[in-house]
Amino acid sequence: MIAKQETKILATLGPASAADHIIRELIRKGADGFRINMGHEKAAALAERLRTIRALAAQEGVAVATLVDLGGPKLRVGSLPTEQLTLADDMELILGREIPLTQPEIMADIQPGHRILMDDGKLALVALGSVSGGIKARVVSGGLLLPGKGINLPDSESRLPALMDKDLEDLAAALEAQTDYLSLSFVQRPEDMLLLRRATERYGYCPQLIAKIERPQAVERFAEILKVADGIMIARGDLGVEVSPARVPVLQKQFISQCNASGKIVITATQMLESMMQHPLPTRAEASDVANAVWDGTDAVMLSGETAVGRYPQESVAMMADLITAAELAATPRREPFPEKTRIHALASAAVEAAEKLRAQAIVALSLSGFTARMVAQRRPTVPLIAVVPEERVRNQLALVWGVLPFAMPWSDNSDALISGLNQILLTQMGLQPGAVVIFISGATRLRGADYILKIHEVASR
Numbered sequence: 003m004i005a006k007q008e009t010k011i012l013a014t015l016g017p018a019s020a021a022d023h024i025i026r027e028l029i030r031k032g033a034d035g036f037r038i039n040m041g042h043e044k045a046a047a048l049a050e051r052l053r054t055i056r057a058l059a060a061q062e063g064v065a066v067a068t069l070v071d072l073g074g075p076k077l078r079v080g081s082l083p084t085e086q087l088t089l090a091d092d093m094e095l096i097l098g099r100e101i102p103l104t105q106p107e108i109m110a111d112i113q114p115g116h117r118i119l120m121d122d123g124k125l126a127l128v129a130l131g132s133v134s135g136g137i138k139a140r141v142v143s144g145g146l147l148l149p150g151k152g153i154n155l156p157d158s159e160s161r162l163p164a165l166m167d168k169d170l171e172d173l174a175a176a177l178e179a180q181t182d183y184l185s186l187s188f189v190q191r192p193e194d195m196l197l198l199r200r201a202t203e204r205y206g207y208c209p210q211l212i213a214k215i216e217r218p219q220a221v222e223r224f225a226e227i228l229k230v231a232d233g234i235m236i237a238r239g240d241l242g243v244e245v246s247p248a249r250v251p252v253l254q255k256q257f258i259s260q261c262n263a264s265g266k267i268v269i270t271a272t273q274m275l276e277s278m279m280q281h282p283l284p285t286r287a288e289a290s291d292v293a294n295a296v297w298d299g300t301d302a303v304m305l306s307g308e309t310a311v312g313r314y315p316q317e318s319v320a321m322m323a324d325l326i327t328a329a330e331l332a333a334t335p336r337r338e339p340f341p342e343k344t345r346i347h348a349l350a351s352a353a354v355e356a357a358e359k360l361r362a363q364a365i366v367a368l369s370l371s372g373f374t375a376r377m378v379a380q381r382r383p384t385v386p387l388i389a390v391v392p393e394e395r396v397r398n399q400l401a402l403v404w405g406v407l408p409f410a411m412p413w414s415d416n417s418d419a420l421i422s423g424l425n426q427i428l429l430t431q432m433g434l435q436p437g438a439v440v441i442f443i444s445g446a447t448r449l450r451g452a453d454y455i456l457k458i459h460e461v462a463s464r
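So the sequence shown is numbered by our numbering: it starts at 3 and just counts up by one.
If you are wondering where the hints come from, they were derived from the structure by calculation, not from laboratory data.
Check the hints yourself; a few may be wrong.
In the BS3-like style, the derived pairs of lysine-lysine whose C-alpha atoms are separated by at most 30 Å in a straight line are [what the hints assert, rightly or not]:
1. K229 - K168
2. K151 - K76
3. K138 - K124
4. K343 - K76
5. K168 - K255
6. K457 - K343
Given the sequences, and given the hints that come with them, work out the whole structure.
This is the structure we're talking about:
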C-alpha cells in the first residue's frame, strides 16, 4: 500500500474526462488531484463537480485534492467582423477597432514599442501609439487570427483588477463547495494574492492559495509573491510566451528550489505530455521534461489538455505515473540544508535522520493543519511519509504534497490512545508487519501529551 510515486499528479478535467467512470479510472491510474479550469466551467456546476470527485475518491479509498483555477485578467480577441482575419507582415491596423478586445481598458497600459502577442505567440505586433478608438500597431509576424484567441502583453504591466467579475462569481462557488486549493491566473504582484486571501476570508473558509507564475512582472517579484501565497504553479504556457522560451527551464529550476526551501508546494504545469492529446505515447523530449521536473524537486506535475480534451486521458495519467516512477528510481537523494528556526523544523530534521539511521519503515506525522507533514516532506525523506490528520479537508490538501500519504481519522484525547489506534491502521490498511519500526512526530496538536513529540515506535501485533 505504501509503495506509490512521491511526486504527485494533478489532472485537469474537461469534456474528455467529465464522465464518472473516466474520473474513477484517472484516480486508479494515479491522479492525486483534479484541476477545474473556470475558463471552461460554469460556477453553477462547480459544487456538483467537486461532490462527484470526492464521492469517487471515497469509493476508491484514497485522498484526492481539488483545485479550482480562477481565470484572472486573461485578455482575448473579441468578436471579429469576419470569421477570421489574415494579418500580413508589416500591415498596420488599429487594436481595439479592427481587432476588438475582451477588455478594451487594457489599451491604456500599452505604450509605443510594446509587443502584442496573439494565439500563444504565433502572431506578433508592435504598438506604434495611441489613436482615436485604440492602439495603432504594426504586424511583425503575421498569420491567421480567430476570435477568442489569447493575447499576451509581455512589456505592459496590466492595471486590470486581479479578480474580474467572473472570478468573483467563481470564487463564491468554489468557497461554497469548499475546494482544497484555489489558484489565480496572471498574478503580477504580491498584492494580487493578498486581495484573493482577503476575499476568501470574508467567506469564513480559506483553501490553500496558489499563485500562477506566467507574467514577467511575477518573475521579477517571485520572492515577494511566494511569501504571501501557500504555493506556486509554474504555468509554462503563457510564461513561455511572455518571456524567452530559453529562460523557462532555468526559471523552473529556480522557482522549484525556492519553493522547496520555503516548504511550500510547487506544481509544474503545461505541455508536459502535449503530444498525448493526439497520440498514445509521448515524445522522448516530453519524457525527459517530466523526469527533469521530478529531479528538480517539484511536488506535483500537471496534465492540462492531455486529460481535459485529449484522446487519451487515462493513458496520459498512467504514462505520467510510469515516468515519475522511473525518474524517482534513478534519482540521487537530495538533502538541502535547512535552518532549524523553530521546534517543528528541528523535530522534522530529527525524525528524518532517525528514520534513516534506524531503517524505519515509515515516518508518521500527526498534524492538525498539515504543517508538520509539510516540514517533514520538505526534507525529502527516503522512507515513506504517512500524515494522520483529523479533517478530510487537510487530508485532501496533503494529497498534492511530495511524498505524503495522507490519512484522516478521529483523534483521541491523548497521544498514547492515538498511537494505539494508529497501530491498527499501520497493520491493516498500510501493510506494515508486526515489529516494524516507525517514527512518530507531532507538532502543536492540542492533545494532552502529544505536543512536539518524537517517538520511536515498534508496530505491535494487535
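Going down the list of hints, with the structure as the test:
Between K229 and K168 the CA atoms are separated by roughly 26 Å; this keeps the pair inside 30 Å, and the hint holds. Restraint check for K151 and K76: the C-alpha separation of about 10 Å stays at or below 30 Å, so the hint holds. Using a Cα cut-off of 30 Å, the hinted pair K138 and K124 holds, with the two alpha carbons roughly 19 Å apart. The hinted pair formed by K343 and K76 fails the criterion: a straight-line CA distance of about 40 Å is larger than 30 Å.
Of the pairs offered as hints, the one joining K168 and K255 is violated, with about 33 Å between alpha carbons and a cut-off of 30 Å exceeded. Only pairs whose Cα atoms come within 30 Å are accepted, and K457 paired with K343 is accepted, the gap being roughly 21 Å.
In the structure shown, a violation is registered for the earlier hints numbered 4 and 5, in ascending order.
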